[in-house]
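Undergrad: Here's the letter readout for the chains.
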Amino acid sequence: MTDIATMPQPVSFGRRIKRFMADRPLIPLIILLIILVVILQILRPGIVNERWLANTAKFAIPLAILAGCQTMTMLTGGIDLSVGTVATMSAFIMATQIVNQDPAVAFLLAMLPAVLIGLVNGIGVGVFRVHPLIMTLGTSLIGTGFLQVYQRTVIASGAKIPDFLNWLGTGVTYGFPNALLLFVPVAVLIVFMLNRTGFGRLLYAVGDNERAARLSGVRYWQVIVALYVLSSLLAGITGLLYIGLIKAPSLSLAEPLVLPSVAAAVIGGTSIFGGRGGYTGTIIGALILTVLTTLLTILQMPEGGRRILFGFIVLFVTAAYLRIVEDR
Amino acid sequence: MSRFLRNQGWVAGLFALLIFLFVVTKLIQPAYGSGDFGSLARAVLPYAFAVAAQTVVVIAGGIDLSVAAMMALTSVTAASMMNGASEEYALFVVPFVLAMGFVLGALNGVLIVVTRVPDIVVTLATLFVLQGAALLVLGAPGGAAAEWLKASVIGTMPLPGLPDWADAWVPKALVLLVVCLCIIWIPLRRSRLGLSIYAIGSNELAAFRSGVPVARTRIIAYALSGLFAAMGGLSLTISTGIGAPIPGPYLLASVAAVVLGGVALGGGKGGLLGPIIAVFVLRLVRTDLTLLAIDPNVTAIIEGLIMVAVVMFGAFITMRSRPAGATS
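Listed in order, the protein sequences are those of chains D and F. Here the first sequence is numbered in my numbering, starting from 1 and rising by one per residue. Here the second sequence is numbered in my numbering, starting from 1 and rising by one per residue.
Just so you know, the hints here were simulated from the structure itself, not pulled from any lab data. Note that CB positions come from ideal geometry on N, CA and C, so glycine has one too. Wrong hints could be hidden among the right ones.
Stretch by stretch, here's where chain F covers chain D in the computed footprint (C-beta under 8 Å, at least three residues) [unchecked claim]:
1) 180-193
2) 299-311
3) 317-323
A few chain D residues that face chain F, going by a derived Cβ cut-off under 10 Å, partial list only [said to hold, decoys possible]:
4) R152
5) L259
6) V314
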């Protein structure tokens, strides 16, 4: 104690690192990403090439968009676990309706459940104040039920993947995956919205201190309903992209992406308690998880082990961020 | 005193609803008899344990999202241990699996206390970890259960002093449920520990200042939740004869039944009887829908809608009883 009192600036190394991480969360994330890529290159020399980069980007993009849904909902202190079901529903409806319908009609039909589920989520969370986790879990259960009923009605007509989605999901032009055509505008839009628009400010405000936001005249429920509808719409669009990538419509198409999408947002520095974070970190988080998945596949880690690891990542990163925030 | 009356009034109303549903069932299907009641009791068994697991934690002011995953893990563990083993070996398996549930539940509590991350995030992370562990234990549904265990939930319990027609209405599954719950719940409710659990759920700070060991009580509440979940997992293995690594719909069902059973989601209120009756109500609604020859998938949708509506209602009640703008 006396040492600290006599020395003018007794800032310890650990403390400085903490402060650095809190101020610039992107830099350690990028370093982690590079370390993972280097490990991959060491394990399998020559794997990191142009084709691998394009492939990684292709698989990271759907994850990054879904993680965008999580980022936005987490900023308000929520979470959206229905994104997997919503993405699966729109993908499945698109693939089955395109057989007999005009593409535009099929697209609208595919987006309909997304909007509905988003609306119900928003009303449940915003008006009735159900915990977002429970609410979105419930709607995803109902959505899956509807999908199973729907599947019976289209079992005869079959399914096909529209050429356009195929091109968008898997195509590569000049070494760049075509999915970037969708992702770049979406990412720019989300970043712009969060940083430069009133709606983005409201999300941060609601998540940071709901009571203060309310007392300053924010219509809480309107913000929340708009947010969850937007999140669902994004999830629906991701579903269309993902079906072009996976090419096999099934009733559990996008379910495996739900947990990684939460993990990506958490790794990217978005606080699960709301009010702090951003989309740029989430994108890097999605890239880290995609590279990590490749790494685990090469190491032949089974699916169960992967889930355990992701669960621990969410827990430890949340705990670590909590410590950083408490210290400031 | 008035609160006591109100809570008992809620349970009594719920019981009346249950009787009413039985009458409706009898009207829909005049042949509904003791055999059907036995299968209802068997179907209720895993749900009831899941709800008991959730109830303990909710009373302590928390929530346990890992209930369903815990059941899946304990179920596959039991099934794979009993696979090909002798009948006597099961005598060892049952306490082992129960102890495992207790320890893993306690681990949930320890993580919450140590990391200070909110319970909803911690149990979300452990949900994924336990799910992954279940997949590692058993990649696909399989395993076996000892014959004497399977026999313990089938048929009726002959009670001395009761005529045969009354015996027919006492299925073994119901007896098993009541015995298992009473052995733990009644001593708990009467002990200092039980009082502490209610105290930390009702007002943590006040409980702490009155000398309640908050951290220890919370850990024990989660450990008991794990124990109940392990019972649920065992009952799953016993009634199906196999273990399935994919968690069933027990999480949402448990939350819905807890709310319907008159346990406030904020904590500190309610008992175990209400949620258990609520489970019977929810299952009986399902039976009625099946008896009305409604497509099972549509039944799943209706069930999901009921559960979401119940949870919304519960959140609405909780919101009304709190000052505006305050959130948990």
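Undergrad: Please go over all the hints and tell whether each is borne out by the structure.
TA: Status of the hints after comparison with the structure:
| no. | hint | result |
| --- | --- | --- |
| 1 | 180-193 | violated (count 0) |
| 2 | 299-311 | holds (count 10) |
| 3 | 317-323 | holds (count 3) |
| 4 | R152 | holds, 7 Å |
| 5 | L259 | holds, 5 Å |
| 6 | V314 | holds, 5 Å |
In this structure, only the earlier hint numbered 1 is contradicted, and the remaining ones agree with it.
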